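K.L.:
Listed here are the chains, written in short residue letters.
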Amino acid sequence: MDTRTFRVFRFARDDGPSRFDTFEVEAAPGDTVLDALRWIKIHHDPSLAIRHSCFHASCGTCGVRVNGREALACVTRVGDQDEGRVTVEPLANFPVIADLVVDMTSFVQRFPSPHPAARISEFPTSPEVPPGIDEYQRFEDCIECGLCLSACPVAATDDTYVGPAALAYAQRILEEPRGADVGALLDWADGDNAAWRCHAAFECTEACPSNVRPAQRIMHLRRALTGGRDGGS
Amino acid sequence: MASTASAREPGIHRSRTWRATATSGVALLVLVTVHMVAHHFVVEEVGGLRTYAQVLDYIANPVMFVIECVFLVIVTAHAMLGLRSVLFDFGLSASARRRLERGLLVLGIVTVAYGLTLIGVLASRA
Amino acid sequence: MSRSEDELDVIRAAREARGPVLRRSPGPTAWFDIRKTGTGHWAFSLNRITSLGLVLYLYLHLAVLSMLLGGEGSWHGFLEIATTPVFLGLDVLLVFGLLFHGLNGLRVALVGTGIATERQKALFWSFMVLGSILLLGAALHIIGSD
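Residue numbers (our numbering), protein chains in the order written: chain A, 1493 to 1725; chain B, 33 to 158; chain C, 1429 to 1574.
These are computed hints drawn from the structure, not numbers from a lab. Heads up, some of the hints might be wrong.
[Unchecked claim] Example chain C residues on the side facing chain A (calculated, C-beta under 8 Å, incomplete): (1) Gly1468; (2) Ala1471; (3) Thr1511; (4) Thr1512; (5) Phe1515; (6) Val1539; (7) Thr1541; (8) Thr1545; (9) Glu1546.
Computed from a prediction, not measured in an experiment: that's the story for all the values here. Beta carbons are placed, not taken as given, at the ideal position from N, Cα and C, and that holds for glycine.
Next comes chain A alone, as it looks inside the complex:
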C-alpha cells in the first residue's frame, strides 16, 4: 500500500475563507480518488464534505477537479496521477456549498424548460448488445455531472452562458424531437447567452466522461440555427 499526499480544498460557510488541507493517504495505485476521499473521511476528518452515489460513473454526482482537470472521482485512479501530491478541488464555475460539494441548481437552471431528466434513447435503432446480455435499455449519454461546465472557459467568464450541457441537450432533442417544440428550442438556442457564445475551445468534450461530445453537438446545433441540416450529428 502506497502513501500519497492529498491536498484537498476546504470551505465551510461560517468558517472563514477557503483553504487547502493536506492528508497522507494510504492508497494503492488501483484505488480511485473517491476511495482516497472516503479514506480521509473515515480515518482523518469526518467533516470532509464529498458527494457520490453509484461508484461507477453513471450518476454524475462525484465530479471534482483532480490536479486541475475535471474528473469523476469514482473512476479516476490514484495511480494514474503524476508523482507528487494530488490536489482535489470542487468543480469550477459552480457555487461551492462546502468542501468538494457544489450547488447544482445553477447547472439545472441553464437547461431549456421542460427538461426531462432521462429518456430512453431510440438512437441508434439497433444497438450492439454486449455478449452475455439479452437486452438492455440505453438512456441518454449525458449524466449531468457538470464537468463540461467546469471546463468551459466561457462559463468561467460569464455565468449567464447556458453552457455545453444545456446546448448538447438541445441538440439531442433536435436529433430525436419526439413531440418537443423544436421551434421554441431553436429560439432558446439562438438566444444571447446560448449557442453563439461558444468559442470552440472543445474543453467540454475533453472533460466529458460519458461520450456526449458537447462541443461537436454545439457545432451541429449552430448548423441547425443557420438553416443547415436539422441538427443530426
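Could you slot chains B and C onto chain A? The hints should help.
P.N.:
Quick look at chains B and C alone, frame taken from chain A:
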C-alpha cells in the same frame, strides 16, 4: 413527429453575426497574406519595409489600391465583430450590449473612413 | 424560451446572496487561467489575446501610416526606428499573432460549420505545425534582411 427545424427561419441576427465573423476571417487569410508579403517580403530594404517612394509607387497600382481598400474594410469589420464577441463575454445587460454595438459600428465607420482617406491621399500623390 | 432580463438579474443577484459562495467570480480575466492545462483552453485564450493585440496593432498601424502624410522625411524617420532589431523582432511577433489567430480562426470557422468536428484536435495541431514553419520562414527573412 417530424422535426420542424429545417422549416424555421434561422436566427438571423446572431447567426449572421457569426457568419460575418467567420467569412471575413477566411477572406482575411488571403488579404493579410497579400498585404504582408507586399510590405515585408517584396522589396529588398531592411525588413522588407517600403520607402516613401516605394509606398506611393505601390498604391498607384490600381489593383493594389483596390485590394488595400477592400482589406481595410474587411479587417475593420472583423476587428469590430471580434471586439463585440470578446466584450459580450463580460456579462453585459441587453441595453449595454445595444450601446456597445452602436459604439463599435461608429468606431468601425470612422476607422474605415480615415483609412480610405489616407489611401486616397497617398494615391493622389503618386 | 429566451432568457429574459429578469432571469439574468436573478442570476446576477445570486452572486451577491448569502449562502453558497462563488468559488471564483466570473469576470474579464477568468477566461485566462494559467492553472488550466488543456490545449483547447490555451487555444481559446491565445486566440483572444492575439485578437486584442491585433486590434491594438490595427490602430497603431493607422497611426504610423499617417506619418506618410508628412512626406518623405517623416516616413524616413519612422523607417529608421522600424528597421532596428527590436522593431524587426516586433514584426516577427506580429507575424506570430497573425498566423496563430488566422489558422486557429480557420479551425473555429471550419468546426463551427460542422466540418471536421471529430478531428478538430488533429486539425489544430496540423495548423500549428504549418504556422510554425511559416513563422520560422518569415522570421528568418525579416531578421535576416537586417
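K.L.:
Now look at each hint and say whether the structure bears it out.
P.N.:
Verification of the supplied hints:
Because the beta carbon of Gly1468 (chain C) sits about 4 Å from the nearest beta carbon in chain A, less than 8 Å, this interface hint is met. A least Cβ separation of about 6 Å between Ala1471 (chain C) and chain A falls short of the 8 Å threshold, and the interface hint therefore holds. A cut of 8 Å between beta carbons decides the hint on Thr1511 (chain C): the least distance to chain A is about 37 Å, and the hint is violated. Evaluation of the Thr1512 (chain C) hint against chain A yields a violated restraint, the C-beta minimum of about 37 Å exceeding 8 Å.
For Phe1515 (chain C), the interface hint is violated, since its Cβ never comes within 8 Å of a Cβ in chain A; the closest pair sits about 32 Å apart. Contact between Val1539 (chain C) and chain A, as hinted, is supported at the beta carbon level, the nearest pair being about 5 Å apart and thus within 8 Å. A hinted interface residue such as Thr1541 (chain C) counts as satisfied when its beta carbon comes closer than 8 Å to some beta carbon of chain A; here the least separation is about 7 Å, so the hint holds. Hint on Thr1545 (chain C) holds. Least Cβ distance to chain A is approximately 4 Å, under the 8 Å limit.
Interface restraint check for Glu1546 (chain C): the shortest CB-CB distance to chain A comes to about 7 Å, inside 8 Å, so the restraint holds.
When held up to the earlier numbered hints, the structure conflicts with 3, 4 and 5 and fits the remainder.
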